[in-house]
Structure formats: structure tokens, C-alpha cells
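Chemist: Residue numbers (the numbering used here), protein chains in the order written: chain A, 1 to 447; chain B, 1 to 79.
Treat the hints as calculated values from the structure; they're not laboratory data.
Careful, some of the hints might be misleading.
Unchecked claim - Footprint (simulated), chain A over chain B, 3 or more residues, beta carbon under 8 Å:
(1) 11-22
(2) 37-51
Unchecked claim - Straight line, CA to CA, 30 Å or less: simulated DSSO-like cross-link-like pairs of lysine-lysine:
(3) K60(A) / K43(B)
(4) K60(A) / K49(B)
(5) K60(A) / K39(A)
(6) K43(B) / K39(A)
No residue lacks a Cβ here, since even glycine has one placed at the ideal position from N, Cα and C.
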Amino acid sequence: MTGPSRVLVANRGEIAVRIIRACHAAGVEAVAVYSDADKNSRWVQLADHAVHIGASPASKSYLNAAAVLEAARSTHADAIHPGYGFLSENSRFARAVQDAGLVLVGPPPSAIELMGDKATARATAQAAGVPVIPGSAPVTDLASAQAAADQLGYPVLVKAAAGGGGRGIRPVSSAAELADVLPAAQAEARSAFGDGTSYLERALARPRHVEVQLLADDHGGAVHLFERDCSVQRRRQKLLEEAPAPGLHEETRQRIGEAAVRLARHVGYRNAGTVEFLVDEDQHFYFMEMNTRIQVEHPITEVISGVDLVAEQLRIAAGTPLSFTQDDLVPTGAAIELRINAEDPDRGFAPSPGEVTAFDLPGGPGVRVDTGLARGDRISPFYDSMIAKLICWGADRDQAYARAEQALREFRIEGVASTIPLHRRLVGNDKLRSGPVHTTWLEEQLE
Amino acid sequence: MSTVNAALPGVFYRRPAPDQEPFVEVGAMVQEGQTIALIEVMKTFSEVKAEQAGTLGRFLLDEGDEVEAGQGVAEVVAP
């Protein structure tokens, strides 16, 4: 089947660079889009064509679906890759792409919709036979919320049905606290996601965050590419990820992968996606949410599986069947990803925009750096704080960590503060290196 | 008259959310410590507060403008 010959990359930063590279490697042209602030950016230079789509605030450029579609039309692109964030999990945008006669390098709009609402996603996972954390139906008022919490037992989490990326979640340990938190949680959900619907979930003690990478094609092919442990988080934002997840029993590993594939098949999923789970101390796992897009941490799966996930996304979007089956996939070694953000860990992770005056990247065997930045670029206050992702592979965890330590010695960024000093401390941490840790471990360390 | 300065660089907003009313209108009274605007930097929001009570004379920036640390964002006229 003939695939797209020109792909519009509806994103910025490192993921835009990553997608343009995959397009070029596949013999496909790439069109970049950019806002005022990103005029001289690296992905604009790498692309075959570039279109200015608006002012610097994301709401006036990268989130402007009409401007993105017009950029695709004017450059005769036949497909759109949305990356992560921005329009990537917007089912209306996905439909508009199809209505414009273009191919979305992503899942069917119906799957985005189904998984985009957390309460519906939960019910869908349950229907697919995937374990979920005991939780409630949507709660609309305090009385129904308190009744639900009594039944679940405190502590509980109040969650926004439309939430994602760890946003819109509040822990609550008593009925009084619930009365306090619910109105604010609903208001916050309304303001952040345009939908105030909340529901409750039992809070697990010291869980790990383990997620499974999926690929599914149009021909009934669906595989998992093993799991990643993303438990090292601060305020539910991931800072360090590993693949495979350390200390997972072989049987758990198999069952969690199978559960993710079961869910993908149940919802008629296509393209790349990730199913996120919480895993408790007894290795019971529970569905958390599904991300219907490529994720920030996809490279660690690439290096242990040998599969180029973005290239596979392009092939799937072209209607090509997966060229491998589950049995063909064998993980090799261990990989770790460190998110280098323009934040000062010693000043409460204060954001640090500004000009990057020095930018020396590390190298060597097993070391990969994904970035959208070059020396002299300005890190803009308009977008998120990611500078680069450092991905280190080793034949085993010890080698991956040792290479990460060396790479961090070489990595030099000046002009802005970064999370490199924190990562230097983390990769030398005995508890982390002997692994696994739980999702609040880092916050406890930082206190 | 006093100028309220931005404590950090970012993007200037007069409203808590795009679909909501501004924190304060020009000509309105403000109290010391009252939130009059937000600055967003890398998806993190911080509040801009009036340093003294008075009447909000004018804003020196438009909604969505980029602002540098130390730059004036509004003028408050003492009562």
C-alpha cells in the first residue's frame, strides 16, 4: 500500500525533530510548523517545508487546529503527525484531519474519545477484563462522593474524569477533607479540562508506575513492546524512566503485557499507544489510563526492543501490517531515560527560561540524546521546560546506570538552570540502583 | 503612584482562565497583596500581587504578552 509522501509535523521541540528524522529515513517529506518564538528552531531547519502558524502562546499556534489544518492544506501534506501534548489526544482534531481527507498518524478518533474520559476508560478496561483500582462512578455532589468514599475506604483520590498526565488528582484522607477538596477539584477540572466531572479511586500504598508500550495495525495485528517503570516522579511528573521495569516477576511481566494488548484489541486500537498501570507491593497491577499517542519516554523501549516506534507509526498509518509478531520481540539489555528540564532543583524546581549559552552533548556507546535545541537557542517561557532527553542503554541495568553517570559528567548546559545536578545525584543513589522504587519515593528524598 | 513589577520572566495574563473575568479592571480599588495578574512560565503559573493599596491606574502589558523579570506590568495610584 502507498503511504503518505508528505507528513505535517504538528508539534515542536525534540519530538518534532524525532518525527522529521523518522520521515526522512522512510523517504517521506516533512513539513514543520512554528510559532513566533520558534522561528529559528532546529526542526524548522531540518524540515523540507515550514509554515508559520501564529503567535507564541500555544493557544494561538500549536493548539490552533484550524491553523494546523490550513498549513497541511497549503503545503499539500497528506498526513499529520501530532506528536505528544498539544492536539495529540484531541478527538475533534483527529476527526477534522480525516474530514479534510488527510491521514492521522495516530489512533482512530473513537479510541481517543473512549480513553480520553477517565471514567469511561475505566469502565472499558473492566469490560476488557483488565483489573482496575476499586473506584466509584462519576460523583456530582458531596453526598454521593462521601457515600462512595465510605464504601471504598479512605484514603481515596479525587480524580478529574477528563484529566491526564497526572493533572487533576487530589488525595483525600477523611470525609471532612473530602468536603473541603471536592468543590475545588471540580472547579479545577472545569477550568483545566472544560469538564468538572470527578470520580473517586482507592489510594494504593506505595505503588509503582509501570506502563506497557503497544503497537497495533489495521489488520488485527497487536503487540506489546514490554514495559517501562516511570515511578521516579515529582508532583506526578516523570523525571526518570527505565525499561524493562526492574524487579518485576516474569509472570507479572507477561500478564501485564497481555492485559494491555487485550485492552487495545477491545477498543479497536491502531497505531502506537501506552497503557499505564499501578503495581502494588504484591505485584498486583491495576489499569490507570491509556495514552493514545507516542510518549516522551518511547526511546527506552526503542533501544531495548530494536523497534523504531515512529517509523512503525508511519507504516501503520500507511495501512501496512506489522512486520513482526509478539514472538519475534525479545528485549535486550536495560535502558534509562533522564529528562533534562530547564528547572532549578535547588530552588523548588523553579522554571528557568533564557538563552542556552553552552550546550555540550554527551556521547559514547549506548548514549542517545533527543533534543530540539541548539546552542544559542532561547528556551521560551511559552512552552514546557524540556531541554533534552538523555537515553542510556546497557547490556544490564548496572551498565546502563554507569553510562548514564558518565554521560551526565559530559553533559554541559549553561545560561539556564537544569535538572542535570539532580540526575547526577539520582543515578548514584543506591536505593534507586537496587530498585524498584515507588511513585512518591523521589518526593520523600527531596524533602 | 507605584509600579508593580514582574518577579520572573514569562507570559502575562490578566485573567485566571481564558473564559473568566479579569482579576481587576482599570480604575478599580486594589488592596495590598491582592492578585492582579498571572505570569505563566513553562506551564507554571505565579500570581502578581499589588504591593500597595490604591486604584489600578493602567496595565503596561496586554493579555498574552511576554514579560521580562523586573519589567513593570501595572501602575497603582495611591489613594
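Chemist: Now look at each hint and say whether the structure bears it out.
Modeler: Consistency of the hints with the structure:
no.: 1; hint: 11-22; verdict: holds (count 5)
no.: 2; hint: 37-51; verdict: holds (count 5)
no.: 3; hint: K60(A) / K43(B); verdict: 15 Å, holds
no.: 4; hint: K60(A) / K49(B); verdict: 26 Å, holds
no.: 5; hint: K60(A) / K39(A); verdict: 15 Å, holds
no.: 6; hint: K43(B) / K39(A); verdict: 20 Å, holds
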